[in-house]
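Participant: Residue numbers (numbering that gives the first Met the number 0), protein chains in the order written: chain A, 0 to 285; chain B, 0 to 342; chain C, 0 to 321.
These are computed hints drawn from the structure, not numbers from a lab.
No residue lacks a Cβ here, since even glycine has one placed at the ideal position from N, Cα and C.
Don't take every hint at face value.
To be verified - A few chain C residues facing chain B, derived, Cβ under 8 Å:
id, residue
1, Ile17
2, Leu107
3, Leu144
4, Leu148
5, Leu303
Said to hold, decoys possible - Derived pair list, reagent style EDC-like, types lysine to aspartate or glutamate, alpha-carbon separation capped at 16 Å:
id, chain 1, residue 1, chain 2, residue 2
6, C, Lys129, B, Glu100
7, A, Lys212, A, Glu227
8, B, Lys338, C, Glu211
What the hints assert, rightly or not - The calculated label-pair distances, taken between Cβ atoms and stated as ranges, are:
id, chain 1, residue 1, chain 2, residue 2, range
9, A, Glu35, C, Leu19, 25 to 33 Å
10, B, Val88, C, Tyr82, 34 to 42 Å
11, B, Glu168, C, Ala239, 31 to 39 Å
12, C, Arg1, B, Gly208, 55 to 63 Å
13, A, Arg40, C, Arg1, 48 to 56 Å
14, B, Ile166, C, Phe60, 43 to 51 Å
15, C, Arg1, A, Ser99, 39 to 47 Å
16, B, Lys65, C, Gly132, 46 to 54 Å
17, A, Ile232, C, Ala239, 25 to 33 Å
18, B, Glu168, A, Arg40, 37 to 45 Å
19, A, Gly52, C, Phe217, 51 to 59 Å
20, A, Leu98, B, Ala173, 30 to 38 Å
21, C, Thr184, B, Ala307, 14 to 22 Å
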Amino acid sequence: MTNGHANAERRSESASLVEVRGLSKEYVQQKPLTREKFVIRAVENANLTIRRGAITGLLGESGSGKSTLVRCIALIEKQTKGEIWFEGVNAADFQAAELSRLRRGVQIIFQDAASALNPRLTAAAIVMEPLEIQRKGTKSQRRERALELLERVGLSAPWEHKKPLEFSGGQRQRLALARALALEPKLLIFDEALSHLDLASQESMLELLARFKDERQLTYLHVSHDLEMLRNIADEIAVMCEGTIVEQKPTTEIFAHPEHSYTQDLLRAMPPLETICQERFAHESP
Amino acid sequence: MNRRYKMWCALTLLGLAHIVVFFAGFFAPYSYSMQNRNLPYAPPMRIHFFGRQGRFHVRPFVYALKGDSAGLGAYAVDQSREYSVHFFVRGSSYKILDLFESQTHLFGVEAPARLFLLGTDEYGRDQFTRFLYGGQVSLAAGLIAAGLSLLLGVIIGALAGFYGGWIDEILMRAGELFLALPWLYLLFAVRAALPLHIAQWQIFLLLLGVCGVIGWARPARLIRGVVLSAKERNFVIAARTFGASDFYLLRRHVLPQTYGIILTQAALLIPQFILAEVTLTFLGLGVGAPMASWGGLISSLQHYYVLASYWWMFVPALLLIPIFAAYYAIADELQEHLKSVPL
Amino acid sequence: MRYVARRLAHAILLLITISLFTFVLLQWTPGNFFDAMRLDPRVSAQTVEGLRSQFGVNQSFIARYARWGRSLMHGGMGYSFSYDTPVAPLLWSRAKNTLLLAGIATLLAWIIAIPIGIWTAARKDGPSDKFFGAGISTLLAIPDLVLFLILLMVAVRTGWFPTGGMISGGFGSFSGWEKIKDIATHFALPAAGLAIVMLPMLVRHIRSAMLEALEAPFIRAARAHGIPRMRVLLRYALPAASNPLISLFGFSIATILSGSAILEVVMSWPGLGPLMVQAILSRDVYVVAGIVMLSSVFLVTGNLLADVMLFVSDPRIRVEQR
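Okay, chain A solo, but in the shape it has when bound (with noise of 0.2 Å):
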């Protein structure tokens, strides 16, 4: 069997949409003046597997490491040690342009909307940029897609020609996201994506991530800290700790018997359901 073939047949079999096995990312870095080098280690020997069609939560305070973990699976770093394999095939056996291909697939949403979007640029130029940099089409046909995708998430006419500083956080997350859809990726990871929306916005938000899910067959990785959050919209959680992924279980295994001593330290700071369920119910009567 050529190597191509045994690929095709690994892709159709797996489920699993992204692998992490043993991944590994090491800083160097100097002092400022005497230039000595000290190691930074940012992730150590993380196993993670993203499952193609479901929402994967990765929970984690600062400075675990999911920022970087999640940079290393979008192949924007490259680890230091470790594999990540793709549908199956491991992606160091990629050359250059499949990779590029393999980069596509995986778009990042990140935290800080603003600092993802170009200030001088509009909202339309913004969104047409993936097709504009893989050529895709004439002008004004990316021109069409990009309102279209602008149309989707909510963001109509005379939204187009505004620039980002110009939209609230709520809304510049949703462009963001019209411009990670342009290219039509297989994986969005929300890097704390939701962290910093008001209870609205986030609600609203996660309703048109599930509606895209349904109609293009995504897969979410969802990053945050939001352990509440995380119950109601993940199918699977991945908890990660000081650069390790201590456990990964799906959602409601994970609330009921936590095995690692860090989940059951978080799930015991959260608050009760009780509490929960008050709240809730505040939210919505009259």
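For this one, chain A is given, so just place chains B and C on it according to the hints.
Facilitator: Coordinates of chains B and C only, in the frame set by chain A:
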């Protein structure tokens, strides 16, 4: 409001100055090399509106000058004839950019009278004319040298900042080297390395080249800083995930962040290099006669007798001040503006 | 200590590179002193050749550089062809004059700039700030050369100051006090000129350093505690602003030799400036190289000094070390 207003005034002033200097042939009554050996160090002509018997002339006029018999110092005014100042007169021919030839001058008077707005130098050459033509050399020197410095600075700074690693190390070490060299002395040293008597335009270009090569270090460092922070911005990372090439990233996202700094540096470098050219020529190391340069015009001020007796030779030096003030006002405003722009 | 050693090594490396660079530059000189000599019919060809080999002009580049480098180590800097004397003593004597002038001017500039800088920072946007700000901007707009010429004009027209040189004719016969007075009147204008040229940038930097220091929360806390304004300014804000100021001072030292070049030429002050111009015009290679090296040494040393002083004075930098 106040500073903005200042900047627009400054820009207008500079714009006008450059236009006038560009069309020096038109605005100046004479050619820059035209000598009037019989009228050395003549004071500026007075323009009269009231003639004999107090008659008012709508058209201003001048009197001819007579050298006194001894041929030095005092000039007497010959009141026998009034020479009107005409506008759009025909005079000596000149070329603009070596392409268009013309003979029209903005104003002039009939021979043998002369209209010396700023007096003459030791060869009887009209200082006003030489000032305008000198501006061509000095202003151009500033612009070209600054342009070269900035071009090099942007390229090197962008490369160093974007690619980092050993490229950054080497380029920044080189920059340190250039910054550590005493700028002015280095310019002198390079001038020393050039043969003393080569063609004018060659000296000019070589000096500009040297200024440009020496001056890239500071802008490069600033640009590198901006590029370093810009390339980590999330929208650059996002573009990378779309498959953007390095060149695209630089062109579309990173370099536009540097425009502000480039403009500010330009506003600071241009006067610096104008001064460099003026200084070099002043010392006799730059562009030489008969080409006019502002440095050449004021070089005679080194002589005691000029300072003591011929005050009008000082005027070109004073006329430099508004030009510099304008550039610095623009630089100030740009720097303030940069501080308030949200990055 | 390691930090200082590293910076020192860095500085020395830089100087060596500069020396190489300078030497290379000067070897490109197409004509040289001896060509002119050769054209002179009075000098026989043999003499010229003899002189050439004496100065090692016909040796290879590396040999010449090595020779020059070695003599640099011993404090010699080659030979001046036009002055017919070793370069080193020539440079030292001139450098003394330059240092005298530039040193006093720098001191003057700092003494005037610091109070103005502090005052305008304390009274930000007030009438005095605007006044001084306008004054500084105006001064800044006057190109150095023009300023020096204006001062020269003043000297000529008013006769209050001598118009050039360092000493008057009968200097030898002056008494000690008269000698001092004589030199003083001679460098009054040049020193003033240099100081005026340095003033604007100094005031601006001091002002912005003070402004930044004043923004710090601990200053506001100090004021809230009722500590009088002047004390806050001088005992709290000024030390906090001292970092950029130390760098600035290092920079002042760094440019002390080259900053006054033009002034010296215009005012005929017998320093390194006029010497340099002369050397260029007469293609006196070793003098040019020597002056460039000397200025570079000051530049690099000044920066090094600033770095070391920063290290010593700022406890934060030392803590980071560990």
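Participant: Each hint should be assessed against the structure and marked as holding or not.
Facilitator: Comparing the hints with the structure gives:
1. Hint status for Ile17 of chain C relative to chain B: holds, with the closest Cβ pair at about 6 Å, below 8 Å.
2. Below 8 Å, beta-carbon pairs count as interface contacts, and Leu107 of chain C has none with chain B, the closest being about 21 Å; its hint is therefore violated.
3. Evaluation of the Leu144 of chain C hint against chain B yields a held restraint, the C-beta minimum of about 5 Å falling below 8 Å.
4. With its C-beta approaching chain B no nearer than about 5 Å, Leu148 of chain C sits inside the 8 Å limit, and its interface hint holds.
5. Restraint check, Leu303 of chain C versus chain B: the minimum CB separation of about 10 Å is more than 8 Å; hint violated.
6. For the given pair, Lys129 of chain C sits about 50 Å from Glu100 of chain B by alpha-carbon distance, which is inconsistent with the 16 Å threshold.
7. Restraint check for Lys212 of chain A and Glu227 of chain A: not satisfied, since their Cα atoms lie roughly 21 Å apart, outside the 16 Å limit.
8. Straight-line distance between C-alpha atoms of Lys338 of chain B and Glu211 of chain C comes to about 14 Å, which keeps the hinted pair within the 16 Å bound.
9. At roughly 31 Å, the beta carbons of Glu35 of chain A and Leu19 of chain C sit within the given window of 25 to 33 Å.
10. For Val88 of chain B and Tyr82 of chain C, the Cβ-Cβ distance of about 55 Å falls outside the hinted range of 34 to 42 Å, so the restraint is violated.
11. At roughly 33 Å, the beta-carbon separation of Glu168 of chain B and Ala239 of chain C lies within the given 31 to 39 Å, and the hint holds.
12. For the pair Arg1 of chain C and Gly208 of chain B, the supplied restraint of 55 to 63 Å is violated, since their beta-carbon distance comes to about 42 Å.
13. In this structure the hint that Arg40 of chain A and Arg1 of chain C lie 48 to 56 Å apart at CB is violated, the actual value being about 26 Å.
14. For Ile166 of chain B paired with Phe60 of chain C, a C-beta distance near 29 Å fails the hint of 43 to 51 Å.
15. Checked against the hint of 39 to 47 Å, the C-beta distance between Arg1 of chain C and Ser99 of chain A comes to roughly 45 Å, which is consistent with it.
16. Range check, Lys65 of chain B to Gly132 of chain C: about 51 Å between beta-carbon atoms, so the 46 to 54 Å window is met.
17. Restraint check, Ile232 of chain A to Ala239 of chain C: a C-beta distance of roughly 50 Å breaks the suggested window 25 to 33 Å.
18. Remark: the range hint 37 to 45 Å for Glu168 of chain B to Arg40 of chain A is contradicted by a beta-carbon distance near 25 Å.
19. Between Gly52 of chain A and Phe217 of chain C the Cβ separation comes to about 56 Å, which falls inside the hinted range of 51 to 59 Å.
20. About 34 Å separates the C-beta atoms of Leu98 of chain A and Ala173 of chain B, a value consistent with the hinted range of 30 to 38 Å.
21. The supplied range of 14 to 22 Å is met by Thr184 of chain C and Ala307 of chain B, whose beta-carbon atoms lie about 19 Å from each other.
The structure does not agree with the numbered hints 2, 5, 6, 7, 10, 12, 13, 14, 17, 18 stated previously, though it agrees with the rest.
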